[in-house]
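The hints should help you fit chain B onto chain A, whose structure is shown.
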Amino acid sequence: MTEMKATTASKKIVELATFYIGDALCGMDILKIQEINKLMQMTKVPQAPEYVVGILNLRGQIVTIIDLGRKLGLGKTDISQDPRNIIVNSAGGHVGLLVRKISDVVSADMEKKESAPANMRGIQGDYFNGVYKTDTNLIGILNVDKVLSIED
Amino acid sequence: MEIEDDEILQGFIEESLEHLADIENDLLTVEEAGADIDEDLVNKVFRAAHSIKGGAGFMGLTTIQDLSHAAENVLGMIRAKKLIPTPEIVNVLLMAMDALQSMIEDVQNSNDVDISSHLTPLNAIAEGTFSQPPAQPQTVPQPEPEEPSMEEPDLCLDTEEEAADEDAIAEETTDAEHPVEPPVIQPMPPVDVPASVTTATKSAQAPPTKTEASLRVHVSLLDSLMNLAGELVLSRNQLLQTIGSDDLRNAEAVGQRIDLITSELQEAIMLTRMQPIGNVFNKFPRVVRDLSKKLGKTIDLTIVGKDVELDKTIIEAINDPLTHLVRNSVDHGIELPSERRQRGKTETGLVILKAYHEAGQVVIEISDDGKGLDGDALAASAVNKGLLTSEQAQVMSDKEKVNLIFLPGFSTAKEVTDVSGRGVGMDVVKTNLDQLGGNVDIISEKGSGTTISIKLPLTLAIIPCQIIETAGERYAIPQVNLEELLRIPAAQVKERIEKVGDAEVVRLRGVLLPLIRLADVIGIERTYYDPVTDEMLPDRREKVSDRRGKNSPLFHNRDGSPKEVADKQFEHPRSIIDRRASAASALNIVVVSTGSMKYGLIVDRLQDSEEIVIKPLGRHLQQCKGYAGATIMGDGRIALILDVSNLARMAHLTSVDGSDRASEVKKAAEAAIKAIKDKQSLLIFKSSEQEHFAVPLNQVERIEKIKRSDIEQLGGKRVMKYRGGSLSLICVDDLAMVQPLADHDSLLVIVFNIAKRSVGLLAIGPIDALEVSADIDGTTLSQPGIMGSIIIDNQTTMLVNVFEMTQTLFPQWFTEQKKPELLDAEEGELPTILIAEDSKFFRNQVKGYMTEVGYNVIEAEDGVEGWTKLMEHGDEISMLVTDIEMPNMNGFELTKKIRSDKQYAKLPIIALTTLASAEDIAKGKAVGVDEYHIKLDKERLMASVHDYIKRTH
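Here the protein sequences line up with chains A and B, keeping their order. Just so you know, we're using my numbering here: the first sequence kicks off at 1 and counts up by one. Just so you know, we're using my numbering here: the second sequence kicks off at 153 and counts up by one.
Only chain A is shown next, with the shape it has when bound in the complex:
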């Protein structure tokens, strides 16, 4: 509900939480994020899809951890390098998105969003809504719903 309102009310300016998946800087609407954690004790799930790193107990809730690096085809996120865990509340329960590191929060004018460049599409372009250009960087805007959807 709140997300809906946020996007409709301030159609132009969106706060983007940015983070690194591998070397790629990506961002997502900060209002979709419940919290950001360090990786806690995790339980592996044999036979799970390759991009599911495991599950963990977040205050009594079972949270599935997805390695965004693997999901997007940007390489496995190194667990030993103190990665961060972005908890988002999706339709099917809480999901944690494992990223290499967290970066700044950027206010982005969505009207200046550009469609994803060719090379990004080359990797897993489907997962991006577009690209936002800041003074120094290009931020790939993650399509969280698409990332969390279950193919086949």
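Be aware that a few hints might be false.
[Claimed, not checked] Pairs of lysine-lysine, BS3-like flavour, derived with a Cα cap of 25 angstroms: (1) 767/B / 44/A; (2) 38/A / 767/B; (3) 76/A / 101/A; (4) 506/B / 32/A.
Honestly, the hints are just simulated from the structure, not real lab data.
Below, chain B without anything else, positioned relative to chain A:
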């Protein structure tokens, strides 16, 4: 239509629905009582209708008001005894109540519903124009339903209603049953029409929403909850204080207190979720009544155990499966009255619905006294459908055949009705119940009825589980699936784990149990737990039984066989390292069962059993079928809950298929055939590693475990100290040409009592007592000390003749015994003994005993031949030694026949048996057997023979 005050309306709906729920059963009771009216009950129904009318009037729900008014009028007349509640009248009332219910559930549109089809018959009844000669009740409904159907303005409504009717009442009616009683069926649909108008589909979905919306909880329960919540808050405060003060002892006390309160709170909260199963059961009288009427059957429904409580979610979920099963019983189980009469049953069929507690679970039984299931017909049908090969079908037990109806894809209505009538969607029923953690079992006897029993857990939210560990992760196995925990010591792994085709199996109390490695099924690296170093080590064995590779047996083991850990260790069989490592490779097996399937799950470690709370897995993990969910353990980490039936599926174990199971059943069938022959209890043992030996169990006195060092070699004889004396020890290889006794440190001594002395036979394990059919080959392997061979579990096993061995090795023991007998025999003429025995082996054995001492022997292969021989030789024969189990005429019959002839009234008869049960002995005595002896117990048999011969001479 708009209704302003939502709250009042909600109250009205809830209240009215409650009234209606009662009315239905009350009306049925009223109908049963007939003219003999129970005034209180009628009053109750009347008041209920009246309050609905009142409420509806207040809310402006005119249609509901009109209908309840009309119903109230009729009820008023019944109350005033102006009207006798015949089934037809009650029918009209019930239909009206159904219509009321559907209108109340959809209040907003209720005023638009056409209720004329109900009003007309109700008013007709009230005005007395509703003709109902009690003598011919069948004719009554015909004129009456025609009215509403003529009033029906819309033709296409009719088809809808047909469909709705199908939906609501006859979800899976078998088409075959319809034409059976056309005159009865015909009037029903039109009467039923109004009930399902417009809201038919909604009313079908209504009950779950109704129960979900709100729940009635007793105030006292609520109070106790409140109390406990208060306690919890207090304890929390204490805990916070204690944490601040660093007082450990106090913390312990507070911890205990919180533990106590939490479990009480848990129980109390669970209680609020508990509902009587009566909520579901109560609708069945109506279902049975309507359906049996429709099918022209008379059926009594008995309900037992309405008060049994189950978790709300379970109550809701069992509604459909139960309805299905009850309908099946009525539709296909109970026969038509005429058919029942023919079979000598009462015309009225009986369906019993029963709920009770058993071992922490709730059992629901649906039984009928109908025609039962025809297992052979079911099996034939399954074979036709290609679900089963005819070989599999042949070896299936009756119970398994009956359980075929749960096979997915087993049946579609028509095809099975032809043969037996059941099986419509039974797999769906089973699946639904499986999801609830329930269990279905079916017992059926052709011709006399079927009982389906369902076992359900009390609640789903918190379940007791066994925690296990594999590859360093913990997993939980629900205790409902848990049969037992099995640990196979490393030393026995090789003997007890066998390979059948690709599958590994373990022999558990004579049954082969398929084994699955958890690590393999879920695709992780195999590990084993080393208790010495307390760490998990990767396990590189290919097979469980590979502890010392099967293809490199002991004797060829030292020439650099594969460098497996166990192999290396086996080169130093007596080192301490070996023992420790052996303990590490012991197998932990969790024996689980689900439905008709039972298997062993090999895990690394077994941990505690715990009560756990089930939490669902996220949607990304839905594809992992092996888990039923996850739970949070005491240390905050997560353990996955295993779904035992899906694991079996993943490992390609299926209940009916499964070559193991089939072959097992086949074995059982073979055994059953063999059982007709004699059974012999044998003690199986080994002397060398490779040869298997057996002795008759009944000759064995004791079995002792000794160390090799206990054996003393004195004067060329082996002895050991035993019970204050010396026990002579012998080996099978002392006499027989077999491999020498294995070089083991610990040995077994099987003690026999022969010639009034004890003798010990040295052996090595494993030993096992088996009951086998005495299909003994007395020639192929026969040699001194070995009386024959027998195939046990595909192993040729040699039967040791302990008597002969002792006699040869210690001839001096027998000299004093033998002499008087020979003298005895020489004095008179040689007595002749008739031996009746069907097994050639035993006959030869017994004959051998007799001729050895000098008796003449006449042989007979069965009782009939025995009798003929007796007739032929008459006076010569001074004694009969007979087997009990023989074809054509058994030992009892033979004895009886002989005793009935005066000439032989005094002929001594000794019965030989392999299993002397007290019953048999009594039976034998009754027909005239003088004495019982155990086969192969030469000593006692001969003593007794001499004794009788002496007496008669």
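Tested hints:
no.	hint	result
1	767/B / 44/A	16 angstroms, holds
2	38/A / 767/B	23 angstroms, holds
3	76/A / 101/A	13 angstroms, holds
4	506/B / 32/A	52 angstroms, violated
Consistency note: the structure conflicts with earlier hint 4 alone.
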